[in-house]
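> Sequences listed follow chains R and Z, in order. Letter by letter, the first sequence follows residues 6 to 205 in the numbering used here. Letter by letter, the second sequence follows residues 6 to 205 in the numbering used here.
Accuracy of the hints is not assured; some may be wrong.
Identical chains blur together in the list; that is why a pair holds if it fits in one copy or across any two.
List time: in silico DSS-like cross-link candidates among lysine-lysine, alpha-carbon distance up to 30 angstroms [to be verified]:
id, residue 1, residue 2
1, Lys102, Lys40
2, Lys29, Lys19
3, Lys82, Lys43
4, Lys199, Lys131
Quick caveat, the hints were computed from the structure, so don't treat them as lab data. Please read these numbers as outputs of a predicted model, since none were measured by experiment.
Protein chains: 2
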Amino acid sequence: MNQYPEQIKILIEKFSRWPGLGPKSAERTVFYLLKQNKQSLDEIINNITKLKNDIKICDQCFNISTNNPCPICQDQKRDNSTICVVAEPQDVLVFEKTDEYRGVYHVLGGLIMPAQNITPDQLKIKELLERIKDNQTKEIILATNPDLEGETTAMYITELLKNNPVKITRLAKGLPIGSTIEYADEITLSSALKGRQQVK
Amino acid sequence: MNQYPEQIKILIEKFSRWPGLGPKSAERTVFYLLKQNKQSLDEIINNITKLKNDIKICDQCFNISTNNPCPICQDQKRDNSTICVVAEPQDVLVFEKTDEYRGVYHVLGGLIMPAQNITPDQLKIKELLERIKDNQTKEIILATNPDLEGETTAMYITELLKNNPVKITRLAKGLPIGSTIEYADEITLSSALKGRQQVK
Numbered sequence: 006m007n008q009y010p011e012q013i014k015i016l017i018e019k020f021s022r023w024p025g026l027g028p029k030s031a032e033r034t035v036f037y038l039l040k041q042n043k044q045s046l047d048e049i050i051n052n053i054t055k056l057k058n059d060i061k062i063c064d065q066c067f068n069i070s071t072n073n074p075c076p077i078c079q080d081q082k083r084d085n086s087t088i089c090v091v092a093e094p095q096d097v098l099v100f101e102k103t104d105e106y107r108g109v110y111h112v113l114g115g116l117i118m119p120a121q122n123i124t125p126d127q128l129k130i131k132e133l134l135e136r137i138k139d140n141q142t143k144e145i146i147l148a149t150n151p152d153l154e155g156e157t158t159a160m161y162i163t164e165l166l167k168n169n170p171v172k173i174t175r176l177a178k179g180l181p182i183g184s185t186i187e188y189a190d191e192i193t194l195s196s197a198l199k200g201r202q203q204v205k
Numbered sequence: 006m007n008q009y010p011e012q013i014k015i016l017i018e019k020f021s022r023w024p025g026l027g028p029k030s031a032e033r034t035v036f037y038l039l040k041q042n043k044q045s046l047d048e049i050i051n052n053i054t055k056l057k058n059d060i061k062i063c064d065q066c067f068n069i070s071t072n073n074p075c076p077i078c079q080d081q082k083r084d085n086s087t088i089c090v091v092a093e094p095q096d097v098l099v100f101e102k103t104d105e106y107r108g109v110y111h112v113l114g115g116l117i118m119p120a121q122n123i124t125p126d127q128l129k130i131k132e133l134l135e136r137i138k139d140n141q142t143k144e145i146i147l148a149t150n151p152d153l154e155g156e157t158t159a160m161y162i163t164e165l166l167k168n169n170p171v172k173i174t175r176l177a178k179g180l181p182i183g184s185t186i187e188y189a190d191e192i193t194l195s196s197a198l199k200g201r202q203q204v205k
């Protein structure tokens, strides 16, 4: 025996593809599962099965939810004329936690990454264009990350909408709250300078 | 919505307990699974189920295998008089890969860690004592890690066997092959010095 049984090898290989798990931690995970009793393992299997069966993608904003449309899209008190465009469902939660935003969302399901073969047609961009066709939308906030992929995707969508009267905004770039100017990187500081706001 | 649906929260909490996955990577893992199609997810579930059903623990050495006893214990060509005692099944594979060792193994299933409530009676130590009762065993190699837990466990087993004629050895401690003395830590260097071997 100088290699693991097939069942273990397959699962190590599968887990290695999960985000945040390398080959070594995938191996540790398999042995962790082997140490669990049947009941714990059945619970995990049950949870994974439920995940796929119970969690739905909202037809309107493509956020995840147990309902379709999702509670945000169904909420009459939300401002339907403002759409916050984000990359992933996780981003929606982050915005909701600020308790500041009253508009609706549009989840792209990723960002344009040519190197990883993620092209615009794999994202929910045409669905966004479709959604604003009725001219009810006043503002689109392109809330993608301030990095290469996020900026590329934002620029791509901006370009597509250049002849559409809708207002398009990006989140402010600047110093994070609580940070120290001394340790700020130059690009952030330069953005903070460009975006400086009058206080008096 | 300022928190995830219950199904997602439960699975994030479960995955957080897996080795190498923190709360943030557990979250990413759940969203990774949500993006998979039904077939991939069924495959994962199937693989986890198979893992528990097909993988057995060898009655003799407590290594994992698809057979019980495991191929190593069944192999007539192996030297049954030498037992290499290791903490985990993963360690067996590492020894087998050296292609040097011809004896058999004994997997403890962990190391003594009082802080984590792992006491000697949870390890396969009494099974080891039972196994050497027939006096066929000539040497026990205590191949636990050269760290606090590994040394503690080795010392504990050595103490238990102090009146038994069996020879007990530990792996050599010294400089790793390919390393630089300049960067060796003092404890390793001091071990290497103590264990120095005559070459002429």
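> Now, for every hint given, state plainly whether the structure supports it.
These are the hints, each one checked on the structure:
1. Lys102 - Lys40: Only across copies: Lys102 and Lys40 sit 23 angstroms apart there, 37 angstroms inside one copy, limit 30 angstroms.
2. Lys29 - Lys19: Result: close both inside a copy and across copies, 12 angstroms intra and 20 angstroms inter.
3. Lys82 - Lys43: For Lys82 and Lys43, the Cα distance exceeds 30 angstroms both inside one copy (47 angstroms) and across copies (35 angstroms).
4. Lys199 - Lys131: Neither: 32 angstroms inside a chain and 71 angstroms across chains, both beyond 30 angstroms.
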